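Residue numbers (this note's numbering), protein chains in the order written: chain A, 1 to 343; chain B, 1 to 343.
Mixed in with the good hints, there may be bad ones.
Note that the list lumps identical chains together, so a pair holds whenever it fits in one copy or between two copies.
[Unchecked claim] Subject to a maximum C-alpha distance of 27 Å in a straight line, what follows is the list of computed DSS-like cross-link-like pairs (lysine-lysine): (1) LYS267 x LYS97; (2) LYS267 x LYS213; (3) LYS154 x LYS68; (4) LYS97 x LYS154; (5) LYS68 x LYS213; (6) LYS156 x LYS68.
The set of hints was computed from the structure by calculation and includes no laboratory data.
Model, not experiment: these values are computed from the prediction.
Number of protein chains: 2
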Amino acid sequence: MTPIIINGRILFNSVPTGFPEPGKTTIYDTTQTIDLESVALDGGVLIKVLELSVDPYMRGRMRDPSVKSYAPAFVIGEPTYGFGVGVVVRSENPAFKTGDHVYGILEHQHYIIKKDVSRIKVITNPNNLPWSTFIGVLGMPGRTAYMAWKEFSKAKPGETVFVSTAAGPVGSLVIQLAKKDGLKVIGSAGSEEKVQFIKEIGADVAFNYKTTKTAEVLEKEGPIDVYWDNVGGATLDAALEAASKGARFIECGMISTYNTGGEPVFKLQQMFRRSITMSGFIVDDLYPKWTEEFEATIPPKVASGEIKYREDIYRGLENVGDVILAVQKGLNKAKAVVHVADA
Amino acid sequence: MTPIIINGRILFNSVPTGFPEPGKTTIYDTTQTIDLESVALDGGVLIKVLELSVDPYMRGRMRDPSVKSYAPAFVIGEPTYGFGVGVVVRSENPAFKTGDHVYGILEHQHYIIKKDVSRIKVITNPNNLPWSTFIGVLGMPGRTAYMAWKEFSKAKPGETVFVSTAAGPVGSLVIQLAKKDGLKVIGSAGSEEKVQFIKEIGADVAFNYKTTKTAEVLEKEGPIDVYWDNVGGATLDAALEAASKGARFIECGMISTYNTGGEPVFKLQQMFRRSITMSGFIVDDLYPKWTEEFEATIPPKVASGEIKYREDIYRGLENVGDVILAVQKGLNKAKAVVHVADA
């Protein structure tokens, strides 16, 4: 007989007005218990959570559910969730067997019973990479970088690209893809440690936007033909002012605006003055076209070390709320991963 | 012997900080004289100006010349200029003969000696349309509407388009093209008279943005699949909030920002939330691809009345400065034309 154990969970508790507050926006709940051997699965799968991804976009789910957006809102009193990797403990679904690793949308709790398996899939690891890579360079962030770069950059050798949040899991892969395509690469981040990493992965110019003005760097090193925007606001204005004629702006995210209700942009006149094309996208829409190529190309290069990545691993499910805040504030040093269990 | 006559000119006098001020930003100068029969042409062409176009983009030329942009800055002490129609008085260039009508960039003065003829061309008028149409529905504004609609709208029957400044020479042709393509058309303008005109040319929904909130109209009548932006600022924000997934935004101009240094835009998060593509353009870049089709299609439809246009004709070169201001303030009732001479 296995003991009945506490099944810790992160619950969404209230809609924040500014930055999310751990203990208020989310709470760590220990009131639920689970008996792993006897809990009824009703045809579902019992998953033990191993790795959880914490990403900037999650702030968008912390909203009043009446506000429509591409990702559904978190539900007050229910667990928060996001991409993760887990291992199957028991299964009544023939597509999943004990010991299988799964990737997909996982609730932020130690154990999950999934009856609807539409958003998880079994993954194999032929290159024997850390499971955390499946939520980073091989997961949604890596796919975002690869697929949108292929779809929208129209990059030509000799052109110049500017990548904001360049030390993150998306930006750092964009940097490396742009270098492979023969571009001059300018990257920005918010700490000296991140700047050092950006240089290590090949950026020609790397700077700390907190100590050096983005506009000054772009005036000196530009004009820019491609801008990978993860920031919005004043950084986007600086990029608009530094754009070459016919520049492509890839609108991936706007971290500067998530916790403020919107940071203004003033320089959109450059859209027609410089004939700029700006493409917003949701990576899900690019999966059908690019998944096969991504999976054939990127995992072997990550395994060989040709493509580099960095993770900032936080240990313990109870810390998810703090990590969410750290990511919104940019305090994480690299791709944020919450390591929940070893196996 | 012809008399020596005064050759009135509009001179650029000072860079405005806000709206241009007639008499200060531009002055009407009568100090130059010309002898039409004996003035030396040095191989050039003597043109009598008939019609001059006054357009919103002209504000962009009234800047410090150190600021780069797609159109060169006006030069202090020199005549302002823009699209116009004139007639050849005398010519020493075999490509132009007396009586030919010409279209192109003309200085704002009664008579011009053009030695560089690279920006003017002889026009014919087989449909016997007013010469003013060559600077309106058949000129740069009409070509802007037609070519960018064809290039960027990706319009499908049953979709919805919102056109700002819909009573102007660009917007009013966009309205008619969109109706021909089977779209539901929403148009806005700044007076009841303009709203009436928008309805007459086929808009399904027409409103006065000064008395009705754009956001409310778009919430009721949207979502919008295409936005034709001539305004920027708060109107662009309203369009972003009302965009459907995959919407196309055509960035033609931003009249709200020209005299204020930039009106902020807050809602660019919708770029990725709604997978919006925003295309800025300069119409010159579209000419090679679309001119032939435009010239085969549009003039006969204008002549037959199938395509409607409206002009607000001001008489007298000396009024150019006032008309420039009126256009920046939206006080003109339709496409602004300065009628300088009859023939």
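A quick look at each hint next to the structure:
Proximity of LYS267 and LYS97 under a CA criterion of 27 Å is satisfied in neither setting, with 55 Å inside one chain copy and 46 Å between copies. Proximity of LYS267 and LYS213 under a CA criterion of 27 Å is satisfied in both settings, with 17 Å inside one chain copy and 24 Å between copies. With identical chains, the CA atoms of LYS154 and LYS68 are at most 27 Å apart between copies only, with a shortest distance of 25 Å across copies and 31 Å within one. In the homo-oligomer, the alpha carbons of LYS97 and LYS154 never lie at most 27 Å apart, since the shortest distance is 43 Å inside one protomer and 47 Å across protomers.
With identical chains, the CA atoms of LYS68 and LYS213 are at most 27 Å apart between copies only, with a shortest distance of 21 Å across copies and 35 Å within one. Within a single copy, LYS156 and LYS68 get their C-alpha atoms only as close as 37 Å, which misses the 27 Å cut-off; across copies the closest is 24 Å, which meets it.
The structure fails hints 1 and 4 (numbered hints given earlier, in ascending order).
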